[in-house]
Amino acid sequence: MRKRNGKHGGMVKLEENISQERWDQQVKRKKKIRNTRQFIRIMLGTFVAACFAILFLMPIILTITNSFMSASEISANYGQVFATTDTGGKVYVSDRVNLKFIPDMVSFSQYITVLLKSPEYLLKFWNSVILVVPIVGFQLLVAAGASYGFTRYRGRIKEMIFFLYIILMLMPYQVTLVPNYLVSDWLNLLDTNWAIWLPGIFSPFAVYLLTKYMRRIPTAMIEAAQIDGAGEWQIFRRICMPLCKGAMCSIAILIFIDYWNMVEQPLILLSDQEKHPLSVFLSKINAGEIGLAFAVATIYMVPPILVFLYGEDYLVEGITYQGGIKG
Amino acid sequence: MGKIKKGLAAAAGLMMLVAALSGCGKDRKQDGTAENGREFVYVPEYADLAVSCDYINSVTAAGDYIYFVGDSYSGENDEYRGVLYRYNLLENQAQEIMELDEKSNKNLSSMAVTQDGNLVAVFSKYEDVTDESGEIVDSKSTLELCRISVSDGSVSDAQDITEKLGNSEWAYVQYMCADSQDNIYLCDGDGGIYVFGKDMQKLCDIKVDGWVNSMVASKEGDVYVQFYGNGSGAEFRKVDLAGKKLGESITVAGGNGFGGNFFTGVSKSILVSSNDQVSLLDISDGSVEDLFKWLDVDVNGDYVNAAGELSDGRIWAIIRDYSAEEASFELIYLNRKNASEVKEKEEIVYGAMWLGSDIREMIIDFNKSNDQYRITVKQYASDDYETGLTQFNADLTTGNCPDIIDLSSIDFHQYASKGVLEDLYPYMEKSGIQKEEYLENILKAFEQDGKLYGIMPQFYISTTAAKASLVGEKSGWTLTEMLDFVEENDPENVFDYSTRTSIFYYCIYNNIDEFVDWETGKCSFEGEEFIRTLEFAAKFPEEYDYSQEREEGTSAKLRSNKLLLLQTAVSSVQEYQMLNGVFGEEVSYVGYPNNERKGNLIQPANGSIGIAAKSKQKDGAWEFVKTMISEEFQDELVSEHGNYGFPVKKSSLEKQFELDMKANYYEDENGVQVESAKTSWGYDDFSMDIYAATQEEVDGVKALIASCEKISGNVDNQLVNIITEESEAFFKGQKSAADTAGVIQNRIQIYVNENR
Amino acid sequence: MHFFTGRKKVKKSGSNRRTRRGKWIARGYLFPSAAGVLLFFVLPFLIVVYYSVVDNPISGQFVFFDNFVMVFQNAAFQQAAKNTLTFSLTAVPLAVVLSLLLAMTLESKIPFKSQFRTFFLSPMMVPIASVVLIWQVLFHYNGMINEILTFFGGEKIDWLNSSYAQVVIVVLFLWKNLGYNMILFMSALSSIPRDIVEVAVLESATPFQIFWHIKLRYMSSTILFVTIMSLINSFKVFREIYLLKGDYPYDTMYMLQHFMNNTFNRLDYQKMSAAAIMMAIVMVIIIGILFLTESYFGKDVEE
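Chains as they are written, first to last, in this note's numbering: chain A, 17 to 343; chain B, 76 to 831; chain C, 246 to 548.
Simulated from the structure, these hints should not be mistaken for lab results.
There's no promise every hint is true.
Claimed, not checked - One side only, chain C facing chain A, incomplete, derived with CB under 7 Å:
| no. | residue |
| --- | --- |
| 1 | W269 |
| 2 | I270 |
| 3 | V282 |
| 4 | L343 |
| 5 | P368 |
| 6 | P372 |
| 7 | Y409 |
| 8 | L419 |
To be verified - Taking lysine-lysine pairs in the BS3-like style, the calculated list, with each CA pair at most 27 Å apart, reads:
| no. | chain 1 | residue 1 | chain 2 | residue 2 |
| --- | --- | --- | --- | --- |
| 9 | C | K268 | A | K44 |
| 10 | C | K354 | A | K174 |
| 11 | A | K300 | B | K542 |
| 12 | A | K261 | C | K327 |
Said to hold, decoys possible - Have a look at the derived ranges for each label pair, beta carbon to beta carbon:
| no. | chain 1 | residue 1 | chain 2 | residue 2 | range |
| --- | --- | --- | --- | --- | --- |
| 13 | A | L71 | B | P616 | 40 to 48 Å |
| 14 | B | V417 | C | L291 | 36 to 44 Å |
| 15 | C | L291 | B | Q523 | 29 to 37 Å |
Every residue, glycine too, gets a C-beta built ideally from N, C-alpha and C.
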């Protein structure tokens, strides 16, 4: 099946009489000619990639380094951008903005404020964990079932439902937030974490992604199992799940990051501010506290970074797998 | 290796999940008890104090007894009499311990109860220091610590401790406690804690870095202090006598920021009474149990003088009614009962962003007197306005909206046009209340398309005053006229204490129709008027520096034309009389700039409310709303000084005017009746005695009231935000006024388009 | 609508009864999700439909399509629709093309590949609120970019309050999303059978031909996937704009979500719902077209 000819170019046509040796020689010669050119290309590629990498890394590094600046240094550097109105006395404000990567003096004062003096930050951080972790876990669980349902025995109606899932997934949250509030009210979920959990758990996002992956599993594989007498549960448990493990991990990362940053849902569905996650607080931090904002943001970044570092291989593997089967 | 890693991850994930779920369980339980399924309710029971006195001081509780000083004043011999009482709360009996000698200028400042049931007390004594000629040159206070025997009132072990308290010149004791070892803790207003042993010898002093909110002995017999540390926020710490320092900060559920008064607990460590509610704090684990909200037991939390637990489980509280002119004290017992035992009244929900104190008072009165309905309050914006508003809106659409809606902090027009509010005219008709009996222009302020969507019982007028000789006899002006006037006169100061923000409020926010044509959707922020306003505002400081020395007072500056305009409120005839005095000549009330020259703005006083169109308890809601405009309530608003605003009922307003025009007389030594001053008013550097108002003055006020059409406030925050944010660059000199105006125009145009 | 029908027909194997039973079980697997989606997504959407045909949610008077007409004629809505469309039409293709280019750069054997990959993914980890802080420092009128501009003798540009605003958010969007897209493409590229490419090289096909005729066709489903993901993420950029400039930004940054958010805040649910439904219809059309294109191009590489 690999040697199938594309209809657009004749370049894959092989002369039947080319011997294996000539084939190898030709390949080698072409490779040699290309060696120097390739070196330049690699250099160029590395350079481009490095430039991009610096651009991409800058905000994350800035956030971390700025969190080690004292409040006065922050306000001196960014006073022109964030008008500080809350400070009583005169503050030194540099007349130009300094984007500094290295603090003049490493100060832990912001962290001391965040971690020791005001327990509410840690409390809110914990709220974030409480809200996000169950969503990630159960959304995956529900999605695993659903995508199996979508993958097996595809039919017209199922395809239409799947299309509906995609449309619902694309809806901006503003659209469904109010009705969601209504539904939560009917179900008496308002002001409880369930109001956040349930819509999160049943979000079509993971279903869409996972179905995409699962449908790549060769039908032949499943059919073989079926012939061997495997039931649906065995197929699901022994074939689909292991094959989708990487994909599930990568989806988990995406869901985690998405919900870790949620702002609007808790604002509307949880009136009790004590239940709000840290992301809500972060988004409301005002200009006078940007020093704090950097420290809180850095702390808030720790779980995503851990999840990432741990799961990055899965992320890549999961996606690679998708192609791996295809060839 | 990989297996271990995965296993670890799985275990961690599982743990988080379990923790998250268990966390959720706890949350729900709290919800259940706090919100709907209240098992217990507290029922108030009023008792008369078994002592007759005008004023109660230094209430100190120990178990079922309280100790306090009752002061009474007898007008006949112009004498104060102070008595120290021991009061048995279970039997509601008072026992006189000793009479305090008022003549010696000695006050009982604080006291505490020792283990044997006797008292330790601090007396403060003020003495005038005289020089040789007998002139009083100074005064000094001394503090005396002593024991008082409860049985016979004898004083022993008295010693002068003035010197032993750090700041000896103005030594003062704010809080006093005794621990289980009978050590005595004194705390002054300055953050110093001084500990005296059982032998009355000073043991140590401890400095608190911050402002002390409260010091209290716990049930366990330790002493704790709550203070607002410099930079660290609210903290709650034990006074560690052994270490002669404060202990570690104790974390209390719900944050350490909870305020209020602290009292020694009986069932748990400490009882906390905030102006909102009563809670019990358990020191051992930092948990807090909320008992009840003051509002739910018909008590104004601001009025609570002291509270505590009794051994039979009841809560007692001493309430001082501040609304009455003379102090009156009440003793209340709160009995805990099963919710099912208490007769259910129909619930009416009063929804407000913030609950005003006047409205709170009215709700408590209503609940006390009404057998059928009971008003409960839902405050939306107690933490944050934006969040509160979102919640409120969501409640409106889901239909579980409040029955009565407080209009004070929301955009009345927006809600009225959305059909959120009920037309009140039919209700007035049904109750036989004639709308003609009320000031039409004031009623109309809450009218839309001939329907009345809100009611205010009382109002005052926001306006700008200027010399009539300068501005002419007029009752309104446009923004251009105002700016021209300022330019022409070019005074040293246009306004007193003005900032850029206040200028924007003055010129733009209360005059937004001048810049936005809602019919066509055109905005004119790029026009000359707005640019002139920007330049005008730039002359004012961003923040007013109140610390700067003022050479002359407002009145002097106004008189000498160094100050041109005075933004002020007129809430009574007396205030009007005073303003005329401040200027020293005829005054024009030109109001805020307005394109129709209608810039005298109506400002609701005492709250403003409406009924929700979707309410299921409209009749009950009307019961309450009605009281605000009832003859009885309106007449109550009439007062000697009338300084809170004008009543909306015409007859009551007339009564107010009559009262204002009535002269007070006294008889001089020749037996001649001479008009006496009713009161005196002051404004900055100016003060004057107020006599009966003349017909002319009353007519002036009437004309001023009649000139009002628009209600003040309710500026959309969005506009304020946009203008504040974008004008910054102009004020900093980074952008031209025209560029700034362009950006503002651009952003506001979207706002206007969207709203059409 | 042939994209609805599955191309992979399950071969009839085993008894019919068994297949039928299997079908029911498969539906059972679908059930929890379907029930949840029905309750938390479809039902709310139906409520939105209801809102769109009443005058306001409090009185609930039926007004047919008045809201749609009103919203459609609303100048702010038109502006928002135009901006959203321009943004999506610029940002999404840019995101696809740039991430593909990045993926190909990384695919050519450069050193530190996995490090670069991590770096490119890092923007996903930064909390939105601090992204916004940094962006403000960069693009504020007194921000870094203008500092640099004036250093080189340029004029200051008011990035956030001018027609450049769209550029800023496109950059922001690309910065956030290129990394993930790139990974998707990298894996797709690596899964293209090597021998086909090598044969093509032997056949003296130009790199462009190889790219166009082989790689792109093999990746067509990934391209669709990346496009859909980018589309989703392009709607999410609202949160950043909102935190940057609040409810009413400069008009070139004013998106449909602003319109919905603001009408929501003002209790104009009928307007919000009408706008949402119009948006949904457009979305159905766009996704439909994408699916059709994919099934047309991708057909011959798959079995």
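Structure-based check of all given hints:
Here the hint on C/W269 is broken, as its CB sits about 9 Å from the closest CB of chain A, past 7 Å. Look at C/I270: its Cβ gets to within about 4 Å of chain A, closer than 7 Å, so that hint holds up. Using the Cβ-Cβ criterion of 7 Å, the hint placing C/V282 at the interface with chain A is satisfied: the shortest such distance is roughly 5 Å. Against a cut-off of 7 Å between C-beta atoms, the interface hint on C/L343 is violated, since the closest Cβ of chain A lies about 9 Å away.
Given the 7 Å rule on beta carbons, the hint for C/P368 holds: about 6 Å separates it from the nearest Cβ of chain A. The closest approach between the C-beta of C/P372 and any C-beta of chain A is roughly 5 Å, which is under the 7 Å cut-off, so the hint is satisfied. Restraint check, C/Y409 versus chain A: the minimum CB separation of about 17 Å is more than 7 Å; hint violated. Given the 7 Å rule on beta carbons, the hint for C/L419 is violated: about 10 Å separates it from the nearest Cβ of chain A.
Restraint check for C/K268 and A/K44: the C-alpha separation of about 53 Å exceeds 27 Å, so the hint is violated. Distance restraint check for C/K354 and A/K174: the Cα-Cα separation of roughly 43 Å exceeds the 27 Å cut-off, and the hinted pair is therefore not satisfied. Restraint check for A/K300 and B/K542: the C-alpha separation of about 46 Å exceeds 27 Å, so the hint is violated. The straight-line distance between the Cα atoms of A/K261 and C/K327 is roughly 41 Å, outside the 27 Å bound, and the hint therefore fails.
In this structure the supplied range 40 to 48 Å holds for A/L71 paired with B/P616, their Cβ-Cβ distance being about 41 Å. Take B/V417 and C/L291: their Cβ atoms lie about 42 Å apart, and the range 36 to 44 Å holds. In this structure the supplied range 29 to 37 Å holds for C/L291 paired with B/Q523, their Cβ-Cβ distance being about 33 Å.
Violation of the numbered hints given earlier is confined to hints 1, 4, 7, 8, 9, 10, 11, 12; the remaining hints are satisfied by the structure.
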